[in-house]
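**Q** For reference, the chains in residue letters:
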Amino acid sequence: MLSFFTKSRIRGGVHAEGYKELTSADKIVSTFPLPKTLYIPLQQHVGKPAEPLIRVGDKVLKGQLLAYSQGLISSPVHAPSSGIILDVNEYPAPHPSALPIRMIVLETDGKDEWVKPPIVDDPFQLTPEDISLRVGAAGIVGLGGATFPTAVKLNMGRENSIDTLIINGAECEPYLSCDDRLMQERADQIIDGVRLMLHGMESDRAVVAIEDNKPQAFYAMQTAARPYPLIEVIQIPTRYPMGWDRQLIRYVTGKEVPVGCRSSEIGVTIHNISTAHAVHNAIRKGQPLVSRVVTVSGGAVRRPMNVEIPLGTLISEVFAFCEVDVERTARIIMGGPMMGDALPHTGLPTVKATSGVLALTASELKSTDVQPCIRCASCVTVCPAGLRPLDMANNIRMNQLDAAVDLGLKDCISCGCCSYICPSNIPLVHYFKYASGEVVARQQAQHKSEQTKRLMDDRNARMERIARQQEEEERIRLAAKAERERIKAEQAAAAAVDAEAAQETLV
Amino acid sequence: MMTNIKPKSGAHIGAKASVSHIMWQVMLALTPATVFGLWLFGWPAIHLFIITVLSAIFFEAVCIGLQGKAVKPVIRDGSAILTAWLLAMTLPPWAPWWVGVVGSALAIILGKQVYGGLGQNLFNPAMLARVALLISFPIELTTWANVSPLFFSNSPGLIESWHITFSGIDNLDATTGATTLGYIKTEFSQNHLLSESLKEYSGLLNFIGWGRGSLSETSVILLSAGGVWLVRQGIIQWHIPASLLLTVAILGSIFHLIDDQHYVSPLLHLSSGGLILTAFFIATDYVTSPNTTTGQIVFGVGCGFLIFVIRTWGAYPEGAAFAVLLMNSATPLIDYYIRPRIYGRDRQGKPLEITKS
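Quick note, the sequences are listed as chains A and B, same order.
Under my numbering, the residue at position 439 of the first sequence is numbered 439, and the numbers go up by one with no gaps.
Under my numbering, the residue at position 12 of the second sequence is numbered 519, and the numbers go up by one with no gaps.
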């Protein structure tokens, strides 16, 4: 009966093989050697990129502001270690395209010397607005992968009077265990971060939700939260994508976030446990977000681990430390294997969103031998958003993108359940991402052509007006000329008459 | 720096399922009932089964070859074999060789490949072939052999069976008869009541499958076991079989309670003809059934209703194939109207109202 009840609160999803035991048993490694060079992208968050305020050759300390946030939704970037700025230029982004984006290149001096941190004695004496400001100034963004600036979310929470703050400890992606380890080892700090967030949002209830495949994390967090009745720690069923914010919100509160709304509009806000940990560091220790715990795992990794690394460390250095077998690596993935992106090479930096870097062998990967769709409808069954991936894919294949949009293309969250389950190995998410991009491109193209047409019409009207004007002027000129000629002729005639008269007089 | 060029999004890992895996699981589930049927009706049935499957492979290979594609991987997906397997199971066990060949040709060419191959067909290929055969060759398709298990003294031997398969049955009256449903229909036409016509009917024998009927759709127990196993394996969903069987059972009970001399009991309905095979293996065909669970329930109820109507008031004693084909044609309509609700939207697709406590 209970399972029936909970089932109705979870839609779709898959039971993916976890492979978390590769890394979940060992402590977070904190002996990562400081890299010689760090590549720090100016955009590691949703919103506008940060604007650099240092110059090449400047000497900076660890935690020093390198680039300030600009605009309402943005986030600053800080120096992950002390050293000298080598360059501010475009370098390949940690993205499947590896297209260049602006980065600050920092040569570390090996001292790892902190800037003097702004510490407060009792943060609960701070105003909620002050908490938001400090969180924003520390460059904290959603560390679950969404990278939405946390301060903006705290402000929205305060404005919308949140009744439940959900702390997402689901970590539903296979292989990843960085949140699990963080909860086991730093539960007190996370709970402190949660309390600070509650204070910052002027809210008085928090629910920490942890998937039931992480009992040790659950007990650690429960123990840490015991003195604080405002914070409840619960276990949730293990079912990917349990960590999808909207799935978790419905499971915990029973409420569904309407399409086009932010969750704060229905009185709920959700933050990741790593984010709460970062908030603790920012407020209690005055440390901005300059490092994070990353899961390095996969069949090709000889020493899989959770390791704390400075942001901007190249994946190649992480892989070297974890002894990745290059020969056996079939695919490099940033993030989890369900939603993560395949990277073209390892010369790319880790960023705030990097929860994991995986080196998977060919046998771990899903087959790419695409068979025809047999309409088994398992994609419909597993879709947590309630879509019909097979019909959407069929329409996209026939280039009927409008039909795919009608079927709900824009409601797709790219969770990967459909691709995961498909017995015909159809890369459904790939289709949807392509189609979404194409729809935007087409809208832009249409907008552009409309603009061009408008400009053309305007120009035609203007040219016509000018032509009319010239015609009019020409007419006036001709009329004036005719008038002048007439007067001239009249004068000539008059002169002739006069001459005649004169002649007559002479005669 | 190591490079790896294969930009791909979406799930990088996957469930251990493939099209051929699904097809072979279904065939595995069919195996007990098939083996029992082959044993029950002896060598002629074995010949027919092999001929049907081999000719299906042949026709599939020809079609794929004509399209200029690689034949081997398509054959290996098992879909053509499964189609022929299902078709053979629904044929009269001692049908002549050409019934199997023509049936396979109809199923593979007309039923599947002309639509564009696997996954594209509107109708269940096996049922399409079955109905086409029944209408075209009514005598051959309604000649039901007596139970004559392998190695029993009065069963035909291997040589005699070759004769049956390749030149026809000699002494029809001695070796064939009517199925239970067919017999009841004939008796009704002679104004006999059920209590008379069902004097020799044994529910238990029917349940085991010891009776005249198609090659291997007679054994309720073995087919149900296979079907339930498929549900447990997650290959098929329970919605279609359950709704189909329940509909037949409920309608059968109602009419049987009203008049037990003209309407057979629900148990006889459930244990006769191709009902169990249809419910678990034919109506559940992915390609031709709806996508959503609600749609599947509608589909199952529709199939059950049509089967009952055709059996009870139609001209044919059994209507499973017709019912499935009719509901197949309704599948696009069901899928058009019954859609899952999108998260954050109502059934009409409009965003939900904001509710704040």
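Incorrect hints may appear among the rest.
[Unchecked claim] Pair by pair, the computed Cβ-Cβ distance ranges are:
no.: 1; chain 1: A; residue 1: Arg-397; chain 2: B; residue 2: Leu-840; range: 18 to 26 Å
no.: 2; chain 1: B; residue 1: Pro-580; chain 2: A; residue 2: Glu-450; range: 41 to 49 Å
no.: 3; chain 1: A; residue 1: Arg-205; chain 2: B; residue 2: Gln-740; range: 54 to 62 Å
no.: 4; chain 1: A; residue 1: Asp-402; chain 2: B; residue 2: Gln-855; range: 12 to 20 Å
no.: 5; chain 1: A; residue 1: Arg-9; chain 2: B; residue 2: Phe-695; range: 49 to 57 Å
no.: 6; chain 1: B; residue 1: Lys-523; chain 2: A; residue 2: Gly-437; range: 25 to 33 Å
no.: 7; chain 1: B; residue 1: Val-735; chain 2: A; residue 2: Asp-369; range: 27 to 35 Å
no.: 8; chain 1: B; residue 1: Gln-855; chain 2: A; residue 2: Pro-33; range: 52 to 60 Å
no.: 9; chain 1: A; residue 1: Arg-397; chain 2: B; residue 2: Leu-617; range: 44 to 52 Å
no.: 10; chain 1: A; residue 1: Glu-90; chain 2: B; residue 2: Gln-574; range: 43 to 51 Å
no.: 11; chain 1: A; residue 1: Arg-397; chain 2: B; residue 2: Ser-643; range: 17 to 25 Å
no.: 12; chain 1: B; residue 1: Gln-855; chain 2: A; residue 2: Pro-229; range: 36 to 44 Å
no.: 13; chain 1: B; residue 1: Ala-568; chain 2: A; residue 2: Asp-369; range: 44 to 52 Å
Rather than coming from a laboratory, the hints here were simulated on the basis of the structure.
Positions of the beta carbon are idealized from the N, C-alpha and C atoms, including for glycine.
**Q** Now, for every hint given, state plainly whether the structure supports it.
**A** Going through the hints against the structure:
With their beta carbons about 22 Å apart, A:Arg-397 and B:Leu-840 fall inside the hinted range of 18 to 26 Å. Range check, B:Pro-580 to A:Glu-450: about 48 Å between beta-carbon atoms, so the 41 to 49 Å window is met. For the pair A:Arg-205 and B:Gln-740, the supplied restraint of 54 to 62 Å is violated, since their beta-carbon distance comes to about 44 Å. At roughly 18 Å, the beta carbons of A:Asp-402 and B:Gln-855 sit within the given window of 12 to 20 Å.
At about 53 Å, the beta-carbon gap between A:Arg-9 and B:Phe-695 stays in the expected band of 49 to 57 Å. Under the hint 25 to 33 Å, the C-beta atoms of B:Lys-523 and A:Gly-437, about 31 Å apart, fit the expected range. The hint said 27 to 35 Å for the Cβ distance between B:Val-735 and A:Asp-369, and at roughly 31 Å that hint holds. Distance hint for B:Gln-855 and A:Pro-33: a CB-CB separation of about 58 Å, consistent with the stated range 52 to 60 Å.
A C-beta distance of roughly 25 Å is found between A:Arg-397 and B:Leu-617, which places it outside the suggested range of 44 to 52 Å. Separated by about 48 Å at the C-beta atoms, A:Glu-90 and B:Gln-574 satisfy the suggested range of 43 to 51 Å. Checked against the hint of 17 to 25 Å, the pair A:Arg-397 and B:Ser-643 fails, with Cβ atoms roughly 37 Å apart. Separated by about 43 Å at the C-beta atoms, B:Gln-855 and A:Pro-229 satisfy the suggested range of 36 to 44 Å.
Against the hinted window of 44 to 52 Å, the Cβ-Cβ separation of B:Ala-568 and A:Asp-369 comes to about 20 Å, which falls outside the hint.
Of the numbered hints given earlier, the model fails hints 3, 9, 11, 13; all others are met.
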